[in-house]
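**Student:** This is what each chain is made of:
Protein chains: 2
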Amino acid sequence: MQRIFDIDSWEVVTHKLDKENKRLQESMTSIGNGYMGMRGFFEENYSGDTLQGIYIGGVWFPDKTRVGWWKNGYPKYFGKVINAVNFIKTNVFINDKPIDLATDSIGDFTLRLDMKRSILSREFMLEKDDAKLKVSIDRFVSAAQKELFVDAYQFENAGSTSFKLTVNTQIDADVKNEDANYGERFWEILDKSQSENRGEIVAITKANNFGTPRFIVGDEMVNKTDLMPEKTNQLESAVQNQFSKELAPAGTAYFEKRVVVVTSRDYEDQPSLIQAMHELAAKIAEEKLSDLQSAHSQVWAQRWEKSDVEIDGDDAAQQGIRFNLYQLFSTYYGEDDRLNIGPKGFTGEKYGGATYWDTEAFAIPMYLGVTDSSVTRNLLMYRYKQLDGAYVNAKEQGLKGALYPMVTFNGIECHNEWEITFEEIHRNGDIAFAIYNYTRYTGDKSYVLNEGSKVLTEISRFWADRIHYSQRKGQYMIHGVTGPDEYENNVNNNWYTNYLAKWTLKYTLEILDDVSPEQAAELNVSNEEKQHWQDIINKMYLPEDDELGIFVQDDDFLDKELKPVSELPADQLPINQHWSWDKILRSAFIKQGDILQGIWDFIDDFTPEQKKANFDFYEPLTVHESSLSASIHSILAADLHYEDKAVEMYERTSRLDLDNYNNDTADGLHITSMTGSWLAIVQGFAGMRVRHDQLHFSPFLPKKWSGYRFRLNFRGRVVQVSVGSDGTHLTLVSGKPLTIDVKGQNVQLGPETVTA
Amino acid sequence: MQRIFDIDSWEVVTHKLDKENKRLQESMTSIGNGYMGMRGFFEENYSGDTLQGIYIGGVWFPDKTRVGWWKNGYPKYFGKVINAVNFIKTNVFINDKPIDLATDSIGDFTLRLDMKRSILSREFMLEKDDAKLKVSIDRFVSAAQKELFVDAYQFENAGSTSFKLTVNTQIDADVKNEDANYGERFWEILDKSQSENRGEIVAITKANNFGTPRFIVGDEMVNKTDLMPEKTNQLESAVQNQFSKELAPAGTAYFEKRVVVVTSRDYEDQPSLIQAMHELAAKIAEEKLSDLQSAHSQVWAQRWEKSDVEIDGDDAAQQGIRFNLYQLFSTYYGEDDRLNIGPKGFTGEKYGGATYWDTEAFAIPMYLGVTDSSVTRNLLMYRYKQLDGAYVNAKEQGLKGALYPMVTFNGIECHNEWEITFEEIHRNGDIAFAIYNYTRYTGDKSYVLNEGSKVLTEISRFWADRIHYSQRKGQYMIHGVTGPDEYENNVNNNWYTNYLAKWTLKYTLEILDDVSPEQAAELNVSNEEKQHWQDIINKMYLPEDDELGIFVQDDDFLDKELKPVSELPADQLPINQHWSWDKILRSAFIKQGDILQGIWDFIDDFTPEQKKANFDFYEPLTVHESSLSASIHSILAADLHYEDKAVEMYERTSRLDLDNYNNDTADGLHITSMTGSWLAIVQGFAGMRVRHDQLHFSPFLPKKWSGYRFRLNFRGRVVQVSVGSDGTHLTLVSGKPLTIDVKGQNVQLGPETVTA
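Those protein sequence lines, which keep their order, are chains A and B. Residue 562 in the UniProt record's numbering sits at position 562 of the first sequence, with consecutive numbering throughout. Residue 245 in the UniProt record's numbering sits at position 245 of the second sequence, with consecutive numbering throughout.
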């Protein structure tokens, strides 16, 4: 654990320029608006360790992969998000010498991410030679105008001598990824131009051999300042404006940079992209900074209105949950159904910025509760629109139907480990389950009966072809898979995968009974096909151990050496940083819930005894080295009334990044696992379930807390649930009255607060 | 099947310039001398499809690998042989126009690899405009002087008009590998110089980030010709000599190029390398071409004297076995114990030119029979010398002892698929078995009691740590392995691996009883350690199926869909070219013998019923898509008196490359599997075994053949075995009398031929 920011309920703030942990600071001060985002790296050149990163949603590049090239079915490339043209670059000079926070004398430093207004601020006093300069900078990526980035500087001569203050601002296309092979660049400049207080670069991603699209991105900056124009020109891969003036003691100056970023994802061709960029930049140039800022913060206020979670008596927990919601909303708020939620969002290069099953398994259950249903529906539409890619993936494996990718930008698998791409096929079931989950929560059948039935049918066709019949056992099986526990690869009969596959077939058959005749004709599932699916449902093998009374994670699992994590020496944890992959694979240690993931998904299918036996067996073997792990364990522990365990697991997920639990937040935030703290509070502590079109709660109050409150969006209503030592108070914030189940009792909820 | 060369008992010859199959032609006309070698690509530029490849033993480069980089224990790089500086380059011009066999009019073409003398010849008549030029070229890589390459041209004006004949010869460092990432080059030139009839380039492999050594290679050419010197100069990455003269009708000319190739593997520093190169080149320059050639061919004559196999009545089979022996000897004849036998030898880039378990499993059993024991002993010494690397590999996995690499140049694992490097650990047992095999065959205990005991002990320490105890089954197990059948990955309790591990521990304990007290002290195996090994031996789990009466390849294998290869549609074979890797892994189809590999190794350990039951079960599931597969199946089929199957399998291995059975010989020859035809004849058809210090035979004569003869080196003797329809004739060619067992009868063998 490593805590480098202060505890504060609405801010992530520090007064220390932590050069040792600069990358960690940068990750934690990332901002974004779903369309684009960036790490909190400094605008100016910084000679210390730093990870520059600006990313634009849906703009990616296929990288070469050389391992296993002779084997059929391997993905052709590894897809990754690329570092965008650096449009925030601004260097400041005192008497023509550049400032550098790594080496200059710095005082009164503050770095503050105001999550309520969504503004990142930095203040410092810099002394260089005789000069003393006070600088404060506000930046934001607009939630009101997706193409807009704003940076606003205030300068003050806080010393006793005059000096020349110079600001050089650029758009710089000389960027690379830290993970680039052979240090390659990804951008080719199509067009550059600049004038006194503006500049633009239009760049295109390099050609590739894989037939994937190239992206054009246009960046135009408009600069406002009371400094005097000094220089405006082009560098080889940048455009720049430079301003300066002599600043007398107590003299001030301001500098504002507004950047419009447009991409070919939204425009038909380069001319229309450029035209739109110019129009938008011209419009933005007219507006007052305060208007741009308040329009942006207004959107955030609405988001918080719908989703805020308040915790009484634990500021660290309070900060944790808000930080998680803030970063999730910065990554995705459902505006564009061609985009999704990358595991690191816009905060780092790892995971390539692509879409994983995290979305369906972890993000959707939360987005259902905190946003309008349209936000989640767009996540479902994303998969529907990528069905063609999923056909390709299944065909590459020689299988029927649709196989959704483990990692993708466009529906085509773009990861490069066979044990993941070929084998971690439970994702196909998770995508089916998300349709069920959405439908169950929202009551909206319009997706599942139309687009969803197509997705379900094609996924079921994949399962039916992927499953084989074991003559010896007289049952259907799935060999060669990787379950959610990625510390086992290529296992046979992973219980979770088998269960999910069987469930998918069953749910698909149910939905097929409900679709319109036109849709049924379109889906064209024959009776033979349905009978085959039914036969699989009837004879699916699900490994169990009668003696232990548990489901078995996969064949042979119980032959492993079974010792609890508690017996591992502390210096061997996390095992993924201390053990060879080989040793990890052979051990029984579990990365994240596998059987327990299934029990969470289908929690109403199991008896308390079953849940207990499996939790008691598997949780002690679990190292929770996926950031996704803790939340579902918190929920299940709460379900089993293991309250201490539930709280322990909550704490692990809530401040995972803020306290750098996994010692890897410097690489970027664990965006998708940030859903975990909300899930642990709402599904765990408050015991929220949806059964038969009704909300259920069975809340408890963690000992450390004096109370907690959250707002839930449910079928057109906003319901506030407040849990205190005096009971559970329910308020219908908006929408029509409804009946809620609290601890087995029906509660009629109207405009008045009800205590249950 | 594709046959592009004529059937001939001592030659690989064609009269067709087969532009469609140029790469295949090049592979088949590869030559080498253990120290270096090359594909049969043309000296001159050729505008058609071609694969240039000259390789120098032990000169390699570490390539980047990007997959799985975040996992511990992964090899840091992928090691590969690199294309050497092109020292054979010679362009020929007619009236200043370069000849190009891809586009010029060519007649009387002959391409001939004379395996007896080891000379590659090419002849052709070329017409260009009015000119008609007859060219004949002989090339060889000297078996008498490892550093020497010789190329000899004869020209004749076969037309009726004079023309200017020009020869431009070079050493050219502008080469790359076809598999290079991003087309990178590997060579940096340190030094170039040239004069009228000589030239040299000294080059070094590029720096790398992995700390592996850089290699310096010096190439010096000395040219002799009756053409007139015209030009001698440097190009950016080449040196050249150019000669020419006007050739009248019927006029002739000759051109000889002698190249000396030295490497930093043999010299302390660059100056001594350069000095040695100059001295050697000066010495070579003095010699007559005919003397160089006969010294070379003399060595080959001695090799054939010891090892030739003759087949009566089947010229195709005769050519097959000689081609295999020829190419094997070109790759390795034991001169340098730092070198080994790459699966493609010097004939292509695939498999990176590195050392695989093929050596111990397939090459050693043959080399024992056809060469002096010192040749095999050097292969064992190779592993002993790489023990330090094997410690590193085990340590990377967090395990004790020594893990020999799957792929290596220096003992350190350098392949990049975890399912192979981490898991195909049976190789460690195969290396132990090779020590046993050598000792059993030669009777020489000096290796096993000294260096060998160290290798065995460290391998055993690895096994003891890698094996785990299953509390549930009360037995020792090995999880997470890949057996010889690489169409299964990450399986549990591969019978072959478990058997071999158990056997290794047992053999090591036996050897430990025999070593000197000094050696025992050095090995320092405690009694506790020995007891633990004995406990593993006693309680090792070996999966069997009582009902089927077979050993089971691995846990869960029998749950697969078990259908014979004969039921697969022909258009799906080979499955590795038609199926996704995923489907292959899940299928029960076997790439190469796995259980059967074990039964071959330990053939005397099993009853005829056991051998039959396993062969009958597994062979029909085997697709033989490893070129190593057919031979052992031929031997086992012969053992079981399945003579037709034995012959079928022999035919598959004997002419695998000559008939391009696997449709991939264009990439290079299957060098290590070329041992298969010899093994099939000697161990299969002739039933050769060594038991209790005695040679055993139980020969049969394949129906198609009228007889076969082979010579066997055994404990200082050369024994000729001739099998005909009139019985088996045994001749002691040299050495002391011995007693041989033929079909269960002891035969005393002295100078007289004996018929049994």
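It is worth saying that the hints were derived from the structure and are not from the lab. The structure presented is a predicted model; accordingly, all values stated were derived computationally and were not measured. Just so you know, not all the hints are guaranteed correct.
Same chains, same label: a pair holds when it works inside one copy or across any pair of copies.
As the list claims (entries may be wrong) - Here are the simulated lysine to aspartate or glutamate pairs, EDC-like style, with alpha carbons at most 16 Å apart: (1) Lys134 - Glu547; (2) Lys583 - Asp465; (3) Lys288 - Glu256; (4) Lys132 - Asp96; (5) Lys164 - Asp129; (6) Lys71 - Asp664; (7) Lys132 - Asp664; (8) Lys473 - Asp555; (9) Lys611 - Asp693.
**Student:** Does each hint hold? Answer for all of them.
**Tutor:** Outcome of the hint check:
1. In this homomeric assembly, lysine 134 and glutamate 547 never come within 16 Å of each other (Cα to Cα): the closest approach is 71 Å inside a single copy and 85 Å across copies.
2. With identical chains, the CA atoms of lysine 583 and aspartate 465 are at most 16 Å apart between copies only, with a shortest distance of 11 Å across copies and 33 Å within one.
3. Taking the closest pair of Cα atoms, lysine 288 and glutamate 256 come within 16 Å of each other only inside a single copy of the chain (11 Å); across copies the shortest separation is 84 Å, beyond that limit.
4. Proximity of lysine 132 and aspartate 96 under a CA criterion of 16 Å is satisfied intra-copy only: 14 Å inside one chain copy versus 76 Å between copies.
5. With identical chains, the CA atoms of lysine 164 and aspartate 129 are at most 16 Å apart within one copy only, with a shortest distance of 12 Å there and 78 Å across copies.
6. For the homomeric pair lysine 71 and aspartate 664, the shortest alpha-carbon distance between copies (14 Å) is at most 16 Å, but the shortest distance inside one copy (33 Å) is not.
7. For a Cα distance limit of 16 Å, the shortest separation of lysine 132 from aspartate 664 qualifies neither inside one copy, at 36 Å, nor across copies, at 73 Å.
8. In the homo-oligomer, the alpha carbons of lysine 473 and aspartate 555 lie at most 16 Å apart both inside one protomer (13 Å) and across protomers (14 Å), since each shortest distance falls under that limit.
9. Taking the shortest alpha-carbon separations for lysine 611 and aspartate 693, neither the intra-copy value of 24 Å nor the inter-copy value of 64 Å comes in at or below 16 Å.
In the structure shown, a violation is registered for the earlier hints numbered 1, 7 and 9, in ascending order.
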